[in-house]
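Student: Take a look at the letters that make up each chain.
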Amino acid sequence: SQKIEQNSEALNIQEGKTATLTCNYTNYSPAYLQWYRQDPGRGPVFLLLIRENEKEKRKERLKVTFDTTLKQSLFHITASQPADSATYLCALPPHSGNTPLVFGKGTRLSVIA
Amino acid sequence: DAGVIQSPRHEVTEMGQEVTLRCKPISGHNSLFWYRQTMMRGLELLIYFNNNVPIDDSGMPEDRFSAKMPNASFSTLKIQPSEPRDSAVYFCASSLEAGMLYEQYFGPGTRLTVT
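Note that the protein sequences, when read in sequence, are chains B and P. Going by the numbering used here, the first residue of the first sequence is number 1, and it counts up by one from there. Going by the numbering used here, the first residue of the second sequence is number 1, and it counts up by one from there.
Quick caveat, the hints were computed from the structure, so don't treat them as lab data. Incorrect hints may have been included.
[Stated by the list, open to error] Per label pair, the in silico range of CB-to-CB distance: (1) Pro40/B to Arg22/P: 20 to 28 angstroms; (2) Glu18/P to Glu56/B: 30 to 38 angstroms; (3) Lys17/B to Pro54/P: 20 to 28 angstroms; (4) Leu74/B to Arg85/P: 44 to 52 angstroms; (5) Arg61/B to Pro61/P: 38 to 46 angstroms.
All residues carry an ideal CB built from backbone N, CA and C; glycine is no exception.
The shape of chain B in the complex, shown without the other chains (with noise of 0.2 angstroms):
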């Protein structure tokens, strides 16, 4: 069956820095990508999506990779703030069935000033 994972540990950083967070699935090839941002007592919101034919997308300090060869994205926010801590999800499309979207767990986000 198809697994998405996310670092599970929390990322902790330092302002200014780039902040790299990963998503691998496993036992297939998602046609797409898509990245949200959940912020507590919030739902989430999405920020990007991804095609598998893009190698690379960027919205203004974000930048999304898809490596299908690795069965990996990387989600990459550079010059980080302390308003980017939040939790950040992936969501891709299921192995089988009807739903349009499965969601990682997330991983948890703290910037530090």
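Starting from the known structure of chain B, fit chain P onto it as the hints suggest.
Tutor: Coordinates of chain P only, in the frame set by chain B:
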């Protein structure tokens, strides 16, 4: 647009009671999703509707859970009878369509505590 609206924001109830969660999707969105989020299991899809019709309810834990979408602007998720293991945050989300490339817009969630 006000975004996805959920009510109540918090619900505390005793085991065995009926719980009804409500959701108003974004106007013009044709797909609606109900999720449950816990620390242990993360964000799990319970059921989703497309054009008010349930498409996939394979995530509904058991017969105690039911969901309805009587019209394009309203959906309910009901738990009867509730149990302590149902304690979680329940999110409603909507999207333009149910296709894989459409982003989902989430509501603020309902935090349910069953004692």
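Student: State for each hint whether it applies.
Tutor: Here's how the hints hold up against the structure:
1. Remark: the range hint 20 to 28 angstroms for Pro40/B to Arg22/P is upheld by a beta-carbon distance near 23 angstroms.
2. Between Glu18/P and Glu56/B the C-beta distance comes to about 50 angstroms, which lies outside the given range of 30 to 38 angstroms.
3. Between Lys17/B and Pro54/P the CB atoms are about 46 angstroms apart, so this pair departs from the stated range of 20 to 28 angstroms.
4. At about 35 angstroms, the CB distance of Leu74/B to Arg85/P disagrees with the hint of 44 to 52 angstroms.
5. For the pair Arg61/B and Pro61/P, the beta carbons lie near 39 angstroms from each other, so the given range of 38 to 46 angstroms is met.
Violated hints, in rising order: 2, 3 and 4; the structure is consistent with all others.
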